[in-house]
Amino acid sequence: MLHAHLSPGPLPSRMQLTKDGKLKHFLTIEGLPPLLLEEILDRAEQFVTLPNKQQKKAPLLRGKTVMNLFFENSTRTRVTFEIAAQRLGADVTNLDIRTSSASKGETLLDTVRNLEAMNADMFVVRHEHAGAAHFIARYCAPHISVLNAGDGRHSHPTQAMLDMFTIRQKKGSFQPLKVAIVGDVLHSRVARSQIHALTTLATGEVRVVAPKTLVPAGIEKMGVNVFHHMEEGIEDVDVVIMLRLQRERMQTALLPSEREFFKLYGLTEARLKHAKPDAIVMHPGPINRGVEIDSRVADGIQSVILEQVTNGIAVRMAVMSMIMGPQGGAA
Amino acid sequence: MSLLIRNARVVDPASGLDGQRTLLIDGGRIAAIAETSAAFVADEEINAKGLWVFPGAIDLSAWLREPGLDQKATLASETFAAATSGITTLCYQPEPRASFDNAAQVKLIYDLNRRSQYANVEVLGNLTQGLKGEQLSNMASLKRAGCVGVSNGLQPFHSLQTLRRAMEYAATHDLTVFIYPLEHALAAGGYMHEGEVSARLGLPAIPSAAETVAVAQTLALASHTGAKVHFCRLSARLSVRLIRQAKASDLEITADVAAHQLFLTDRDVSDFNPLCHVMPPLRSTRDLEALREGLADGTIDAICSDHQPHEVDAKLAPFQQTEPGISALETLLPLTLRLVEDGVLSLSEALRKVTIAPASIIGSEAGEISVGAPADLVLFDPAALWELDLNHMHSSGQNSPFGGWNFNGAVKRTLLAGKTVFSA
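Listed in order, the protein sequences are those of chains A and B. full-length UniProt numbering applies: residue 1 is where the first sequence begins, and numbers increase by one. full-length UniProt numbering applies: residue 1 is where the second sequence begins, and numbers increase by one.
Simulated from the structure, these hints should not be mistaken for laboratory data. Hints should not be assumed to be uniformly reliable.
[Said to hold, decoys possible] Not the full set, but computed from the structure, chain B residues with beta-carbon under 7 Å of chain A: (1) Gly190; (2) Glu194; (3) Gly195; (4) Glu196; (5) Leu201; (6) Phe272; (7) Ala317; (8) Gln320; (9) Pro324.
[As the list claims (entries may be wrong)] Sample of chain A residues with no beta-carbon within 10 Å of chain B, all distances over it, derived: (10) Phe262; (11) Ile287; (12) Arg296.
Every residue gets a Cβ at the ideal spot worked out from N, C-alpha and C, and that includes glycine.
Bound conformation, chain A alone (with noise of 0.2 Å):
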């Protein structure tokens, strides 16, 4: 038995469905069939409606366990995951691993084992490491399901479905449209899934906008264009997605200062006349306003940043449903 868990195992996308195509976890978008990720968006679009109701509640999930397992702090990913949860009915439960178990030298997998002991169905995972939650899902009890909170710079579906889900809003089809993917690629998450999401959905072009320093090596084979002049990269373009850029990056020779990034790839007013006039602007948040946007164009008419926000817990929902509600694809 020992050797079964060296072995590889399925490819994260195999592995996320069940036998007859339910969504079993949620660990990455690539290798999903389009029909999935329309199936997500259509039934986020069910729970989108809710907030402005009295009842907001859908207990699809009642009964059910989820615990948030954040091994990497980010409470406003938590909380959009912990109201998804328990809107849902599902019974909700916070562990902030890495001031526990972690630092007393449990390994990943004696934590999950002990996790699993106490009776829970789904582990929302946030993990610094790429392909964490794959091997979580990869080696916890088969009744269990992992979706993916962002692990390292791999992957972050959800957020990426929530930009998915605020584009067709906003725009209808994805074909006709050419998004530009503005900033630091080469540590995004979010950008990966991204490209994954808007090339699966058969976006028209796809773009990343970045200097070299990063835009990670062989990116073209994931299908996308690669520009390094902003106002090259977003012309014409449909939708603007900003990417986050940490302070750290600074210090790090990847870039001399923020003030250069901003001069050369922050987006202004007048950088954003270079897309189409009706181009939505969009950022997973949290921004840094004159680093990558300007407060003028954060909250100005074309933004929709805050809509992304309350998508969010729609999207989240709706992954959530679809796993664990009636018909998912968990057992």
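With chain A held as given, fit chain B onto it using these hints.
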């Protein structure tokens, strides 16, 4: 005790021999080689009809872990695994918790190995004290203790000046410097090859330049210092080109590659397979092809296992938290011979890469079939078919990505100094 091996196809790249011969072994050495065996009498006789006999493989790189990392493997466990795999000499690689600053530590290894004696163990001494890359090691006494070369393993040098002085001092004592070419600043703590797969997986990556820059720097210093340099575990296309160019000059350099680098690429990491977490990382298909070309044209002299056995927990974590390395003794010969099936090398060329070529790099008298040579031999059944089953590996480490692979040909018997150390 004497031994007669009749009717075998004897293949010895060192002498160019490939034909039916009878071998007489006496006193641990090859006593006679003849086309017929009528005149020979021996204590034991083997009719090796249908089998091949070739020199036992010499593996330039095995991380044998003991002493210091005994939870992963011991000398006894790994030398036995070597014997089952047709390897008769292993070159112990220094690592921070299992390395050699002085003669006593080297002698300890020889003493430990003498107890089991499944394979010869040769030792690479530390190039710098504690492998810290700062102060020169006691190279003269390491050489007297029997070290076949000096190396800093995977550890970085404090400066190029330290490397230069270390190479000069090694040259003073006629010691070959084994260099693991890696510019650590460029590797930047990466985990896999930088390319389209790392872009997709979001794993921090190591560019090929991290290796080729180090190769170029070391070649310049080899030229300056006159040191004999052996380049360990090449993985990148441009490294092969640089070594090829340098070999055309008068530099005394040699190079090797790990067998798994000739069969796996970064695509095998696509599913975060921790068994494919190795250093140097598995690179692109173009790199793999260049390594195979380098082998075929002689730029790369030897194939080694780069055997790194691990306990199960070392690989049971998300990719970035796993330890690099493959348990590779048991696939060295099978993968090398698969290069013959793939049309990369002839049988004789393939065996050369694991016998006489590594023997000459470490100055071993083994690695050939000639009268007077040590009788370190493999009897090999080319008709056997088998599958690598991780549950039945002989090494303490079962961390191999080749589980489930099928191989043609199997080791039937391994002789070390004429003594049978493994028999299937």
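Status of each hint after checking the structure:
The interface hint given for Gly190(B) is violated, since its Cβ lies 12 Å from the closest Cβ of chain A, which is over the 7 Å cut-off. Evaluation of the Glu194(B) hint against chain A yields a held restraint, the C-beta minimum of about 5 Å falling below 7 Å. Taking 7 Å as the C-beta contact cut-off toward chain A, the hint placing Gly195(B) at the interface holds, the least distance being around 5 Å. Contact between Glu196(B) and chain A, as hinted, is supported at the beta carbon level, the nearest pair being about 3 Å apart and thus within 7 Å.
The interface hint given for Leu201(B) holds, since its Cβ lies 6 Å from the closest Cβ of chain A, which is under the 7 Å cut-off. About 4 Å separates the beta-carbon of Phe272(B) from the nearest beta-carbon of chain A, less than 7 Å, and the hint is met. Satisfaction of the interface hint for Ala317(B) is found here, the shortest Cβ-Cβ separation to chain A being roughly 6 Å, below the 7 Å cut-off. With its C-beta approaching chain A no nearer than about 4 Å, Gln320(B) sits inside the 7 Å limit, and its interface hint holds.
Checking Pro324(B) against chain A by beta carbon gives a least distance of about 14 Å; that is not within 7 Å, so the hint is violated. Against the 10 Å criterion, Phe262(A) stays outside the reach of chain B, whose nearest CB is about 25 Å from its own CB. The Cβ of Ile287(A) lies farther than 10 Å from every Cβ of chain B, with a closest approach of about 22 Å, so its non-interface assignment holds. Listed as a non-interface residue, Arg296(A) keeps its Cβ farther than 10 Å from every Cβ of chain B; the least gap is roughly 32 Å.
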